[in-house]
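**Student:** Protein chains in written order, with the numbering used here: chain F, -9 to 170; chain R, -9 to 170; chain X, 1400 to 1479; chain S, 1400 to 1479; chain B, 119 to 375; chain Y, 119 to 375; chain U, 2 to 365; chain D, 2 to 365.
None of these hints come from the bench; they were simulated from the model. Check the hints yourself; a few may be wrong.
What the hints assert, rightly or not - Within a straight-line C-alpha distance of at most 27 Å, the following computed DSS-like cross-link-like pairs (lysine-lysine) qualify: (1) S/K1456 <-> Y/K210; (2) Y/K313 <-> U/K273; (3) U/K273 <-> F/K48; (4) X/K1408 <-> B/K342; (5) U/K204 <-> Y/K210.
As the list claims (entries may be wrong) - Under 8 Å between C-beta atoms, here's a sample of chain Y residues computed to sit facing chain U: (6) Y125; (7) E133; (8) D167; (9) N185; (10) A191; (11) A200.
Unchecked claim - Interface residues of chain Y toward chain U, partial, derived using beta-carbon atoms under 8 Å: (12) R131; (13) E166; (14) F186; (15) V206.
Ideal placement from N, C-alpha and C gives every residue a C-beta, glycine not left out.
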Amino acid sequence: MITRTIFAGFGGQGVLLMGYVLTHGAMHKGLDVTYFPSYGAEMRGGTANCTVTVSDKKIASPVASNPDILVAMNYPSLEKFESTVVEGGTVFLNSSLFEERPSRDNIDVVPVPIIDLAREAGSERGGNMVMIGTVCAKAGLLSLEETIKGMEAALKGKEKFFKANQKAIERGFAFAADGK
Amino acid sequence: MITRTIFAGFGGQGVLLMGYVLTHGAMHKGLDVTYFPSYGAEMRGGTANCTVTVSDKKIASPVASNPDILVAMNYPSLEKFESTVVEGGTVFLNSSLFEERPSRDNIDVVPVPIIDLAREAGSERGGNMVMIGTVCAKAGLLSLEETIKGMEAALKGKEKFFKANQKAIERGFAFAADGK
Amino acid sequence: MAKKTKKGKIAVDRELCKGCHICIEVCPNNRIEVDESLNNKGYSPARPKENVSEGEKGCVGCAMCATVCPEVAIEVYRAQ
Amino acid sequence: MAKKTKKGKIAVDRELCKGCHICIEVCPNNRIEVDESLNNKGYSPARPKENVSEGEKGCVGCAMCATVCPEVAIEVYRAQ
Amino acid sequence: MSTEIEYKKVFGRPESLKDNPTHYCPGCGHSIAHRLVAECLDEMGLREDTIGVPPVGCAVLAYNYFNFDMVEAPHGRALAVATGVKRVHPDKFVLTYQGDGDLAAIGAAETIHAANRGERISAIFINNAIYGMTGGQMAPTTLLGQNATTAPRGRDARLHGQPIDISSMLAICGGVVFVERCALTTIKQIRKAKKAIKKSFQCQLDDLGFSLVELLSPCPTNWKMPVKAAWDWVNEEMVKTYPLGLIKDTTGYEDKK
Amino acid sequence: MSTEIEYKKVFGRPESLKDNPTHYCPGCGHSIAHRLVAECLDEMGLREDTIGVPPVGCAVLAYNYFNFDMVEAPHGRALAVATGVKRVHPDKFVLTYQGDGDLAAIGAAETIHAANRGERISAIFINNAIYGMTGGQMAPTTLLGQNATTAPRGRDARLHGQPIDISSMLAICGGVVFVERCALTTIKQIRKAKKAIKKSFQCQLDDLGFSLVELLSPCPTNWKMPVKAAWDWVNEEMVKTYPLGLIKDTTGYEDKK
Amino acid sequence: MPSEKMLMNGSQTVGEAAVRAGCRYYFGYPITPQNELPEYLSARMPEVGGTFIQGESEVASINMVLGASVAGARTMTSSSSPGISLKQEGISYMAGMELPAVIVNMMRGGPGLGNIAPSAADYFQATRGGAHGDYRTPVLAPAGGQELVDLTFEAFDLADKYRNPVMLLGDGLMGQVMEPVVFPDFIDLKDLPEKDWALRGCKGREARAIFSMILGQQGELYRHNLDLQKKYDRITAEEQRWETKYAEDAELIVVAYGTAARIAESAIEDLKAEGINAGLFRPISLWPFPLPALRELSKEIPKVAVFELCLGQMVEDVILSVGERAEIYFHGVPGGLIPTPAEVAEFLRSTVKGDGKVGRRMEV
Amino acid sequence: MPSEKMLMNGSQTVGEAAVRAGCRYYFGYPITPQNELPEYLSARMPEVGGTFIQGESEVASINMVLGASVAGARTMTSSSSPGISLKQEGISYMAGMELPAVIVNMMRGGPGLGNIAPSAADYFQATRGGAHGDYRTPVLAPAGGQELVDLTFEAFDLADKYRNPVMLLGDGLMGQVMEPVVFPDFIDLKDLPEKDWALRGCKGREARAIFSMILGQQGELYRHNLDLQKKYDRITAEEQRWETKYAEDAELIVVAYGTAARIAESAIEDLKAEGINAGLFRPISLWPFPLPALRELSKEIPKVAVFELCLGQMVEDVILSVGERAEIYFHGVPGGLIPTPAEVAEFLRSTVKGDGKVGRRMEV
Ligand SMILES: Cc1ncc(C[n+]2csc(CCOP(=O)(O)OP(=O)(O)O)c2C)c(N)n1
Ligand SMILES: Cc1ncc(C[n+]2csc(CCOP(=O)(O)OP(=O)(O)O)c2C)c(N)n1
Ligand code: SF4
Ligand code: SF4
Ligand code: SF4
Ligand code: SF4
Ligand code: SF4
Ligand code: SF4
Ligand SMILES: [Mg+2]
Ligand SMILES: [Mg+2]
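Take these sequences, add in the hints, and give me the full structure.
**Tutor:** Dropping the structure here:
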């Protein structure tokens, strides 16, 4: 089983960190994984995205033609990548930020009100952690424990954030389970 | 008819100038000609030589495998090039400077007492002009007028030397004619 | 009060502005504030204050804000 | 006269010498001269003068010649 | 409410700047320097006669902002390229705009020799004590103790050498007629900087020789500082290593006045 | 004739020089500089611990004359190569020996930055105001009015810039502890030069930083002068552009004495 | 003891591998997209007693490497395309002086400043020698991840074994992709083969010089070149590296290296579903190119499809290997875009059909 | 009016030809064996109102050329092997920015500092692009004498026609050999085609920039590269130059260029006496290589003998041209020695006999 996920959004939205969490979690789980970030040119600003490929076999290309999962943290990202998602793939949306929805009907769409959920979990800034929790749970990529492990590995040295992030991830798993 | 001549000697002996004279003279005569100088490495000192090829047809290689004529102004040059001269070729020697003679017997050897002859012509420093005169005459490369033309072209801008050099060249032609 | 505002005024191009807020720092008369609503690039731009409170001077058109603005986002006008 | 020469002496390696004749220039006692017979490289080397003429000082072993010699062709000896 | 007051625009975008928003980070000095250069060209009527040479560095895309002819040079070689341009067009106005890595590290030889030849070129030198474009590596001008991604424990004199004062080195060259160092982080200095740039341009117009204006410039992003702190750091720390003011002036301009 | 006098050799070939005759032209300063370097190494007991880096220039074959380990650097890069060597062997003695084209033209950036980093290297800089090896082209140090094969009408400030004073430029760098300029054309200066070289070596041994000794050196061949005239030209003309003496000294050595 | 599995991007991976392979001297100048390599080493070198120096330029850096190499150390520099161009003179010197070192090129889009997207347009430069003279440098082309570790070690070994610079040729994508890797234990510097040619001062022996200028009038340089050629011939005979995959019963063989090979491999896997049996031939040493192996393969497989992240450079080596033994097709993506497996699959479909829609048939 | 017949060495010849072809801006750094070229121009340029600048280095010089070119002038630089290596980055920039200029390389022995004897070991660098990125520069290889004049003119024309740097590839021997040459009249600078892309200040038009960094995320650099490729394809189709001699009824064709071709030609002439009929195929444009012409020829002639002043670089292009159509033999003389016609004759005799004594058969 190979799963390719694209995380995309504004620079400050923690897009790359979501990718890290999945990447580290997958490695801890014993899977092969590749993480491919893509910034703009040599300057700051603009949007960022990364492609994480997780597989139980050796991964060839770290570049995805057609991701199985798209995590769109802002509308431009949805616009840019929507058409590339495989038939039957899933799009996770940051529904706290934008109303627009994909026009295709052969993909699953999961709007995640990350700000509300994060606030519930105790910290408004944990939206990306909520999202990665939801994604891992919904797509069956990682268990809750594996996701938390992934987060801890990705943030090694910044232990003070672990607790809040864990709560946000848990909130994401809960949301994935019952849609609220 | 193609004739390849190597002029060789110490740096200060006017070796390259002899080549120039022949080269310019040949061009004035309407022949094709190539002049290929060879110094030591990027430093001064050591010996110098040049290869002049004269032909009534277009010349291909400016490098000679086997010169028809060798003009050896010092003994090391004789040693170095003697063996390369074609069978039946001619070696002109600066007999004012060294006694040694080629060991081969299938070449013509023309010892030229250039210092004595130059002195007779009025200037001890004209040895190389005597030599080029002798060579051009003996080998039938250039007429006296052509040789003088060549000298004048080679020394353009240094007209004050023309007269003395012409005398030395004439002395060389005379020596070629009667061996004294 | 009205009189105070007449000496000068500024216009901030909220899309050119990058929200560095240096203009706010330098304005001697405290005539600029942060606009919390993000612009298209995601920055909180600067904007001229609408009203001059009691005890404050209005904009004098001194152009100090524009002088430091890295984005040439501020135009300054002076009353004739 | 013999006494004069005893203070010092030099030896010139005529094959190392390049005939720049700077040593001749600097010798305060005029103890060096040109050897007209060429060395193997074609230079006229320097050589110590054999004799000290009247009114001349002999070599004092001051090593000024050797100090300027670019070719380290001069060795200098001093009487003990 | 009240009668309309007539307002006159006293500050706006100079013609030598295009309308494009820059890609520079919030609070970056590059954009201020751009504006000053543009204002000087406008005021001196030079825009249509100017050929500019941007660096490879954060200002590599300066041609998207400057509204005059520009040619990109390889990293560090702006002054060699500018030499070629100026020798072909001695009657045009040629300027380079370079960062500290570009001008003082990889381009040190090109800088020194263009200056020494006295090329009639005006160089704008943006010293932000860091490699901005490539993500905060140490520059030759990085201060002692300052962190950089390639000097994670801070610049250390024994290991990296001390910050280089290239402007003072250039001042020694015969062909250099005017060098001044200003900062971009106070109103006063910004105004001084503009004056210095104008003077440098004048040197070229008067065929006097090479001139350079060094501008201490904040890089909040790679210094990892809030904008205000970065500006303060220029005014409080950088100026200790790079004292502001005139470094060389053989123009005689002041004397004339 | 008279009784044998006992003589003691007071001047001979230092061990750090091989016996090979040099390829330098008669009256060339390179060979004197070689001898001075060799004498200093001998006297300081450094020969067996030395790694030298010759230039590309007339001294490219210096390894045929110097009797210690040597590595050839590409033209102008001697100080970068020396940096690599010295960082691997901080306990060895590393020197470069470079001409004006090598050190001040193509190698200007490498020179300045090795100096600025304060590399513990001693640089011997042979300034003969010309490109010797390649046949007399203009050097950055060529004097105004001096002829060169690429400046056939003489160096002209407007076209070629003025002669560069790289030693003074280096003196501005923090990592530089000692710079002195001497000549090779009088006995007094030759002796001073030796002292300066020794002092430069001492700086390295004492881990103080970078040091350089500039030696004004005659090139009779490419100046197209008789030997004596060339030596005089150094003493009378070159010194006007390149005044002899100490340029920088932060060693504190003199104070100690 | 080998390391745990670690997640690192390609640039950092090369950095850590170099340190473990005994490299203690790194000299380089920043350039995207490989800055994580010098940045990593600027922190790592002091930890292992090594030296990191940011040179003032690429030219300076390669010459510092030359100096460190001649002094006997394992040493490395890295850059990306424009910076590697500046190092060419130095590389030629090191080849001429027979000095070992590892040079990393994380290629980016060109020509000129281009952009920082991955590319493979420096193949000619790397394999033919971008500088002057008859010289060669072995070129190893990892496909990322663990191979970056392994080939970094190999690069240092090859460099020392043959006293020659060795190039590690990656690209901007490889430098940035993060993957799990395992590092071998640190090489004990004392276990490295003694370099008796190195310069450390002449105590106890004759003084010695290392140089590339060879002036003798008796053909000394000529003979030096023939000696070098013999060495290159030995390397050519002994150091070819490649990998094949799915090559049995393939109707088509894809030749690609590095990142392109990984993208191609995914395309090949995707095509199995359509009943297209394509195999992969992945040169790992680009010089020496595994010509005999590819030649053998091409005798059995009718079509060879070459895929490169440039407009056609390695394809020349493929033609030299295959000749008329098989039909050769080429598709190249120049700098500035990252191709996907889908795009490569299109090329392969087109090659199978021979419809010329994607890629082109090479005349041989 | 064309000049009288003049005797000049090759370096001076190129200098005078450049001036007459309208070049008024020369920037270069001294290096043997081509110093007579800058020296000549340092005196000549002021006479024609041109500018000669001795740059502080090769890197500076090529970038001055870049600047003069962008300013709209005909401009030139020259060097010899190591110096040309240093110009690589600049050449890649100029190719990327589509800037015309003429670059002269009088090749010397390498690698490294090597020596100043002639050589032809920079063929790969010249024809494949020694720098980074997918770019090409036309390479013209005169055989000396009058052809130096003619090809210098052509080089400037090609450069302007295609807005691309063009390389003139000679060697140290060619630079020093003196031959009679005739120069065409001075081109009137006003007759040169207008460069409407050049930068002269934006009076009367929009401001404009010329650059090689192309950042867009929509494949702008990719498309730029495809456009460049189209230009290179056009050059390949239209600008191949070569010469054949004695090729009719030849049993053997010798492929050689530049100085090597002249030496080979003499060898061929000498061999006629022995009844050996060898022909000469002399590529004049090395890139584009006259592949189709050589391919045609090789269909009729059973043996192809390649002779190079290096250890085998052009031979790859010969293999790419000839394939298995004829037997290919190679003999190379690396830097440091000047071969004579007699040595080449030995190679040709050996090739005819197939005895493998001189040179070697290339496996194809
Ligand atoms: C030959 C070459 N080397 C390195 C680079 C990478 N590079 C781009 S910009 C830069 C330095 C930028 O620093 P600076 O000149 O100080 O400009 P800033 O971005 O700080 O304004 C470097 C090293 C390059 N593009 N080309
Ligand atoms: C890259 C490179 N450029 C140019 C040269 C040619 N070259 C050799 S020595 C030299 C200059 C020599 O002058 P200088 O450094 O002053 O030394 P000198 O011979 O005067 O002692 C030059 C330009 C070279 N070998 N390599
Ligand atoms: S200074 Fe300019 S960019 Fe900064 S906040 Fe004010 S208006 Fe915006
Ligand atoms: S013009 Fe002066 S007073 Fe008005 S907002 Fe700007 S800084 Fe304040
Ligand atoms: S100084 Fe030395 S080289 Fe010169 S003449 Fe005297 S001994 Fe000979
Ligand atoms: S040692 Fe002194 S006195 Fe004796 S020859 Fe030399 S310079 Fe003259
Ligand atoms: S990185 Fe620094 S220099 Fe570059 S734009 Fe941002 S703040 Fe300015
Ligand atoms: S050319 Fe000049 S520097 Fe070189 S050896 Fe001769 S005199 Fe000395
Ligand atoms: Mg900077
Ligand atoms: Mg010199």
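**Student:** Taking the hints in turn, state whether each one holds.
**Tutor:** Hint by hint, here is what the structure shows:
Among the hinted pairs, S/K1456 with Y/K210 is inconsistent with the structure: their alpha-carbon atoms are about 47 Å apart, more than 27 Å. Among the hinted pairs, Y/K313 with U/K273 is inconsistent with the structure: their alpha-carbon atoms are about 80 Å apart, more than 27 Å. Taking the CA atoms of U/K273 and F/K48, the gap is near 17 Å; set against the 27 Å cutoff, the hint holds. Under the criterion of a C-alpha separation no larger than 27 Å, the hint pairing X/K1408 with B/K342 is inconsistent with the structure, at around 34 Å.
Distance check on the hinted pair: U/K204 and Y/K210 sit about 11 Å apart at the alpha-carbon level, within 27 Å; holds. Residue-level restraint check for Y/Y125 is violated (minimum Cβ-Cβ distance to chain U is 30 Å; threshold 8 Å). With its C-beta approaching chain U no nearer than about 10 Å, Y/E133 sits outside the 8 Å limit, and its interface hint is violated. Taking 8 Å as the C-beta cut-off, the interface hint given for Y/D167 holds, the closest approach to chain U being about 4 Å.
Annotation: interface hint on Y/N185 holds; nearest CB of chain U at approximately 5 Å, less than 8 Å. Satisfaction of the interface hint for Y/A191 is found here, the shortest Cβ-Cβ separation to chain U being roughly 6 Å, below the 8 Å cut-off. The beta carbon of Y/A200 is positioned within 8 Å of a beta carbon in chain U (closest approach about 6 Å), and the interface hint is therefore held. Hint status for Y/R131 relative to chain U: violated, with the closest Cβ pair at about 15 Å, above 8 Å.
The interface hint given for Y/E166 is met, as the beta carbon of that residue sits about 4 Å from the closest beta carbon of chain U, less than 8 Å. This hint holds: Y/F186 has a C-beta 5 Å from the nearest C-beta of chain U, less than the 8 Å allowed. At a threshold of 8 Å, the smallest CB-CB gap from Y/V206 to chain U is about 4 Å, leaving the interface hint in force.
In this structure, the hints that do not hold are numbers 1, 2, 4, 6, 7 and 12, in rising order.
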